[in-house]
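J.: The chain contents come next:
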Amino acid sequence: MDEIRLIDVRQSILAENENQAQVIRQSLGGKNVFMLNLMASPGAGKTSVIIQTIRRLKEKLRMAVIEGDVESIVDSEKIQAEGVPAVQIRTGRACHLDAPMVTAALDSLNLDELDLVFVENIGNLICPAEFDIGSDLQAMILSVPEGDDKILKYPLMFSVCDVLLVNKIDYLDGSDFNLELLRRRAHELNPRIRVFEVSCKTGSGFSEWCQWLEEKRGAKQ
Amino acid sequence: MHELAVTKSILKLALDHAAQNGGTEILSIHLAIGEMRNLEEDWIQRYFDHISKGTIAEKAVIKVRKIPVVFLCKECGGQFTPNLKEDKKMLCTHCGSFEYDLVTGRELTVEQLEVK
Numbered sequence: 001m002d003e004i005r006l007i008d009v010r011q012s013i014l015a016e017n018e019n020q021a022q023v024i025r026q027s028l029g030g031k032n033v034f035m036l037n038l039m040a041s042p043g044a045g046k047t048s049v050i051i052q053t054i055r056r057l058k059e060k061l062r063m064a065v066i067e068g069d070v071e072s073i074v075d076s077e078k079i080q081a082e083g084v085p086a087v088q089i090r091t092g093r094a095c096h097l098d099a100p101m102v103t104a105a106l107d108s109l110n111l112d113e114l115d116l117v118f119v120e121n122i123g124n125l126i127c128p129a130e131f132d133i134g135s136d137l138q139a140m141i142l143s144v145p146e147g148d149d150k151i152l153k154y155p156l157m158f159s160v161c162d163v164l165l166v167n168k169i170d171y172l173d174g175s176d177f178n179l180e181l182l183r184r185r186a187h188e189l190n191p192r193i194r195v196f197e198v199s200c201k202t203g204s205g206f207s208e209w210c211q212w213l214e215e216k217r218g219a220k221q
Numbered sequence: 001m002h003e004l005a006v007t008k009s010i011l012k013l014a015l016d017h018a019a020q021n022g023g024t025e026i027l028s029i030h031l032a033i034g035e036m037r038n039l040e041e042d043w044i045q046r047y048f049d050h051i052s053k054g055t056i057a058e059k060a061v062i063k064v065r066k067i068p069v070v071f072l073c074k075e076c077g078g079q080f081t082p083n084l085k086e087d088k089k090m091l092c093t094h095c096g097s098f099e100y101d102l103v104t105g106r107e108l109t110v111e112q113l114e115v116k
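In order, the protein sequence lines correspond to chains W and R. Going by this note's numbering, 189 is the number at position 189 of the first sequence; the sequence numbering is gapless. Going by this note's numbering, 100 is the number at position 100 of the second sequence; the sequence numbering is gapless.
Keep in mind that the hints were calculated from the coordinates and are not lab data. Because the structure is a prediction, the values reported are computed rather than measured. Certain hints may be false.
List of simulated lysine-lysine pairs, BS3-like, C-alpha gap at most 30 Å [as the list claims (entries may be wrong)]:
(1) LYS58/W x LYS78/W
(2) LYS150/W x LYS74/R
(3) LYS66/R x LYS150/W
(4) LYS53/R x LYS8/R
(5) LYS153/W x LYS66/R
(6) LYS74/R x LYS153/W
(7) LYS153/W x LYS8/R
Given these sequences and hints, build the entire structure.
T.: Here it is in structure tokens:
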């Protein structure tokens with residue numbers, strides 16, 4: 001009978017993904033390309049926020065979008081209609097993007113001709129928070145109709161993000177969404193998080209958000 | 001659902017390390033998982049049983065050591081564990097400061113293998 005023994009491993013389960021994320025970060029750094037990882041629930045307005053942001057920044061920055069949504073090309077068609085390159089990652093039924101998937105998508109873009117890449121992650125607030133994709137900035141969108149209590153249900157997502165966009169702010173009137181409570185909870189969980197109130201419908205808040213994004217990108221150079 | 005991706009990595013790590021150490025059967029795999037991670041233990045074992053079929057790990061039991069969320073206060077140097085699921089203020093329990101760093105709670109590690 002073979003002897004039973006213990007082997008020490010002590011290795012990160014996601015080490016392979018984390019290493020690949022580092023490779024992406026270095027390669028984008030060398031090309032002066034800034035990458036933003038955008039996460040949210042389905043219907044929170046990821047594609048709309050990207051489109052509104054592109055419209056305001058396209059005179060200043062060269063942009064592209066990596067679309068990670070589940071088995072559909074609807075979103076990438078909308079982006080291409082804005083005159084910006086879009087790459088669709090066909091994720092099947094996967095629940096998140098990881099660094100190898102993003103690497104493949106980046107390979108099909110001409111990074112020498114880009115300043116800013118948006119990654120539209122898959123719509124959910126759990127899985128994408130677990131996987132580093134090599135981005136410079138993690139952003140999440142929470143829309144007013146989803147409610148102000150989401151932070152209590154998905155603390156990891158709020159803790160990994162640098163910025164929170166509260167979208168559909170035009171729905172605030174007549175709703176019981178407590179913006180002050182959400183801001184307090186977000187800052188208590190993540191003191192570094194920056195909160196912007198926006199509406200894709202009215203355009204409010206976008207000049208502040210775009211100016212901040214532009215500054216962040218500028219700071220990387 | 002991301003448990004499947006995580007489980008594939010666990011299997012790969014386990015098989016690599018068992019092979020390097022001349023193991024012929026993996027009996028158990030010991031993981032450390034931070035409480036901030038969104039992972040269901042039952043799902044990991046279920047996925048593992050499925051994807052490990054035909055390998056030396058097919059009978060392995062996944063054992064999880066949960067690591068609590070601990071913050072280190074930058075003001076007073078005290079450590080504290082917040083209750084993330086309740087509507088409590090996330091402040092240092094010693095001095096009330098907002099400034100703190102996460103020390104533990106995001107681990108996702110294969111610690112040890114039990115092999116024959």
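J.: Is LYS150/W close enough to LYS74/R, meaning Cα to Cα at most 30 Å?
T.: 27 Å, holds
J.: Holds or violated: LYS153/W and LYS66/R, Cα atoms, limit 30 Å.
T.: Holds - the C-alpha atoms of LYS66/R and LYS153/W are around 19 Å apart, at most 30 Å.
J.: Is it true that the CA of LYS74/R sits at most 30 Å from the CA of LYS153/W?
T.: Roughly 26 Å separates the two Cα atoms, so the pair holds.
J.: Is the hinted pair LYS58/W and LYS78/W satisfied, with a Cα-Cα distance of at most 30 Å?
T.: 15 Å, holds
J.: What's the verdict on LYS66/R and LYS150/W, does the C-alpha distance respect the 30 Å limit or exceed it?
T.: 24 Å, holds
J.: Does the structure keep LYS53/R and LYS8/R at a Cα separation of 30 Å or less?
T.: 12 Å, holds
J.: Between LYS153/W and LYS8/R, does the CA-CA distance stay at or below 30 Å?
T.: 26 Å, holds
The structure meets every hint from the earlier list without exception.
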